[in-house]
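Keeping the supplied structure of chain A fixed, place chain B upon it in accordance with the hints.
Residue numbers (our numbering), protein chains in the order written: chain A, 1192 to 1691; chain B, 1192 to 1691.
Hints in this document: simulated from the structure, not taken from any laboratory.
A hint or two may mislead.
When chains are identical, the list treats them as one kind, so a pair holds in a single copy or across two.
What the hints assert, rightly or not - Computed cross-link-like contacts, PhoX-like style, restricted to lysine-lysine with a CA-CA straight-line distance of at most 25 Å:
id : residue 1 : residue 2
1  : 1518      : 1545
2  : 1253      : 1545
3  : 1563      : 1683
4  : 1503      : 1255
5  : 1255      : 1518
6  : 1614      : 1253
7  : 1503      : 1452
8  : 1503      : 1614
9  : 1639      : 1455
10 : 1253      : 1519
2 protein chains.
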Amino acid sequence: MNSKQRTAITPTREEDYAQWYQEVIKAADLAENSPVRGCMVIKPWAYAIWERIQSTLDSDFKRKGVQNFYCPLLIPKSFLEKEAKQVEGFATECAVVTHHRLERQEDGQLIPAGELEEPLVIRPTSETIIGEMTSRWVQSYRDLPLKLNQWANVVRWEMRTRLFLRTSEFLWQEGHSVHASSNDAHTTATTMLESYRDLAESVMAMPVTVGQKSLNERFPGAVNTYTIEAMMQDGKALQSGTSHFLGQSFSRAFNIDFLSKEGKQELTWTASWGASTRLIGALIMTHSDDNGLVLPPKLAPYQVVILPSPHKAEKPEDITRYCEELKKTFEALSYDSQPIRVFIDDSDNRPGDKSWNWIKKGVPVRVEVGPKELASNAVYVGRRDKEPRDKESINRESFIQNLPDLLNSIQTALFNNAKNRKKENTHHAASKEDFHALFKEHGSVFVKAYWHDNEANNSIEKALKDEYKITVRCLPLDGDEGPCIFSGKPGKLAVFAKAY
Amino acid sequence: MNSKQRTAITPTREEDYAQWYQEVIKAADLAENSPVRGCMVIKPWAYAIWERIQSTLDSDFKRKGVQNFYCPLLIPKSFLEKEAKQVEGFATECAVVTHHRLERQEDGQLIPAGELEEPLVIRPTSETIIGEMTSRWVQSYRDLPLKLNQWANVVRWEMRTRLFLRTSEFLWQEGHSVHASSNDAHTTATTMLESYRDLAESVMAMPVTVGQKSLNERFPGAVNTYTIEAMMQDGKALQSGTSHFLGQSFSRAFNIDFLSKEGKQELTWTASWGASTRLIGALIMTHSDDNGLVLPPKLAPYQVVILPSPHKAEKPEDITRYCEELKKTFEALSYDSQPIRVFIDDSDNRPGDKSWNWIKKGVPVRVEVGPKELASNAVYVGRRDKEPRDKESINRESFIQNLPDLLNSIQTALFNNAKNRKKENTHHAASKEDFHALFKEHGSVFVKAYWHDNEANNSIEKALKDEYKITVRCLPLDGDEGPCIFSGKPGKLAVFAKAY
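One chain only, chain A, in its complex shape (with noise of 0.2 Å):
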């Protein structure tokens, strides 16, 4: 870096926003392209973020009563048929097995041979096959509700991809629940969006909006799709995890039914849920800046990276055991009701080089120790929600005795910055030109309206995705009513923006 506040990633977010998450990607060694179309490699740094997501969901899913379990990849053709809007769904973007191995032709070409009866289909979701099983599970009324989930991955064919947001193969969960009751089915999937919202916004510091998706937008052969929407720094919107009440269109095309408490064969109501990989693109796009990923301590694989500068050292095995001991002190306590997770780097980078390294990988707080520190029983501290020059001299012990605090600040401080930029680049359109005004004024922004979310609408809502690329975020939850600003019939307060 020299005088001049060159930054770390190029181009800036201000000179070009869509390279710029690239080179942040590639900065933080997050993930690259694979030589198979559309599919990514997801690299360590990466993939210990989502060990975090994956933990935290994975605790909440379970104290809510879900069970996970295993459904196969591949799902029969047929399966997919059992339900009209699936197919339609999902039928053009996926990866199909007609074959089940390679033969050697005389020319030496290795070829698809043995071919199958049915074509399978590689799963683009598991409603369908999780029907099937589901409705051999579930007899009577004892045995509901019925709530699993399987951490797997999943193939939709996509022609344009982007690292994250939208590959052929992503990794996710899905959550899967049978239950007796309409209200209960109902009830399971806004209470699972909930345990989203709590991801997003307590750990992962980004704050959401919580709703109901349009008529438009739910998911194939869903009554209802709830969804938390975050603002990325560009503006757009970024869907972050969607949950349906599936009311009884998979547990009529799979008979899932059972025996009720009063001796009646009933159908059941199923809902189902869903959030992956995606999120560590919300999650770059919310908080990184121009020296590349910023990470907010609770979500952080290493919230305190220790830097040893044993080179000019008198005794460089001083230092390292002073390191040594800081780690196993910051180990000792506990923020976010979890020790402390910290890292030595002790590669032989240049100390610049260590720096610069985790500042681009994102982690909260860096911890220099040089003779000096030794010498002045101090630490000198970096925090990456600061600019990397702005570092201080800190004696060792209020630094141990301040540092859970200290991280607290920064998520704290990340979740706030997020907060306010959503707020203001949150406005409010009173009537159809206002509305427009907001977009040409504001390019992207969220804009709240009245609307009137019906198929009479479809015309419109088609319009303003083709003409300007803005579609219904969602239907707020704590949305109020009011007149559509385009049809002037009823309507209910959505969030309109442009997404990835």
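Same frame as chain A, now just chain B:
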């Protein structure tokens, strides 16, 4: 259960071992066949066991410097072709993706459409694609060693499948490492095998023979394959985890080279290692009895179940409170450096049914609580490693005090039983005649004999397999040398057995 000592599982091991295995899976609700050929559904109880296996291995790998990551599910056909033995080993049993959508015909039929330029194979294992990726990542000796692992699903098209033991899709971890020296790669292969041995013996209470595979039985592309082999209750062997020293097979195929410390461009050396949901099959056949699954405490998702019988109580809520207090107290205790895992079964099933349910699921300790226990401040305790009816009333306080020791004694008893069985069913053959006499006399056993492991002996190995279904399971790492009982040539001690 009646006085004739009927067992929960029919048939018993004695009556029909293969069928008994299926019935244990059913009784413990572990898994079932799915409508997709050869693919199983892993149900919550088995998945919870798998999660315990995962967390044990995962933390062990991380301690050994391995980082988790994720590589794509789909592998281009051309990648498989780059390593001759891989294609030979896996081409005959792989799921081939040839199209990327389904299209509706005029007759309403959905047929595969959007043919891919190059077919993709669902990974049967990932050495090839990981070879390609690591060739990009490794540049200099500073990048080495690189130790990666992924938890993933793989597909190997199997014609004859059996739950857990052999399924077309299974879950596993696959570790992959790249090294600057042959020695380092080799050491990593044996170090990771040690993680499997430790999991098997210390956690699963399953004694194993640690050894090297014969030339014939090595992984496609491996220079050396190491294995842990367990003995099932029917005397057959079950390969429970393997690690591979891959030499430079994949480094050469994918050009994984590096600039050495001395400034020379050199080829790397690689290793890989894997263990799968097959381990659950091994677990079932090591400890289960004619009443169902038996879980070693260190592996059990619940180590203790509390079974309240509030029906005959004057104040049922007192029983509930007593049980909840017990749960809290147990959970505050620790065993195997973790809080004890406890579940209260407060379902309204009959007490006898509840108790049998948890016997069949293999939970190590059952604690029954009814009015009598409440009145006498006691618990009525059953151990899974004793007869179901062999229960005793124990004073509450002394039970609590003893609980960690009780779990430990169950763990030890299971391991000792399995060790004794393995010892009793292992014989030594001094000659070829001896060898066949031993198998003739005992049926399925482990037979140790000296073996000249060389291509010259391939035909002997083939004949043993074809005629007697006997294979060389491994050459134990601690085995000595002697003349081959078949050829008289210099040999090493080998273990022969029939195997799953």
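Residue 1503 and residue 1255: within-copy, between-copy, both or neither at 25 Å Cα | Result: close neither inside a copy nor across copies, 55 Å intra and 31 Å inter.
Between the shortest in-copy and the shortest cross-copy C-alpha distance, which are at most 25 Å for residue 1639 and residue 1455: within, between, both, or neither?
-> Neither: 46 Å inside a copy, 63 Å across copies.
What label fits residue 1253 with residue 1519 when the C-alpha limit is 25 Å: within, between, both, or neither?
-> between (31 Å within a copy, 18 Å between copies)
Measure nothing new, just compare the shortest in-copy and cross-copy C-alpha distances for residue 1503 and residue 1452 to 25 Å and report within, between, both or neither.
-> between (78 Å within a copy, 24 Å between copies)
Homo-oligomer pair classification [residue 1253, residue 1614; C-alpha up to 25 Å] | neither (34 Å within a copy, 42 Å between copies)
Indicate which option fits the pair residue 1503, residue 1614 if close means a Cα-Cα distance not exceeding 25 Å: within, between, both or neither.
-> neither (49 Å within a copy, 60 Å between copies)
Intra- versus inter-subunit Cα pairing at 25 Å for residue 1518 with residue 1545 | Result: close within a single copy only, 17 Å intra versus 48 Å inter.
Is it within, between, both or neither when you check residue 1563 against residue 1683 at 25 Å Cα-Cα?
-> The answer is neither: 63 Å in one copy and 61 Å across copies each exceed 25 Å.
Give the relationship of residue 1255 and residue 1518 under a CA distance limit of 25 Å: within one copy only, between copies only, both, or neither.
-> The answer is between: 19 Å across copies meets 25 Å, while 35 Å in one copy does not.
Evaluate residue 1253 and residue 1545 at a C-alpha cut-off of 25 Å and name the case that applies: within, between, both or neither.
-> Answer is between: at 22 Å across copies they meet the 25 Å cutoff, but 39 Å inside does not.
Hints 3, 4, 6, 8 and 9, counting from the list given before, are not met by this structure.
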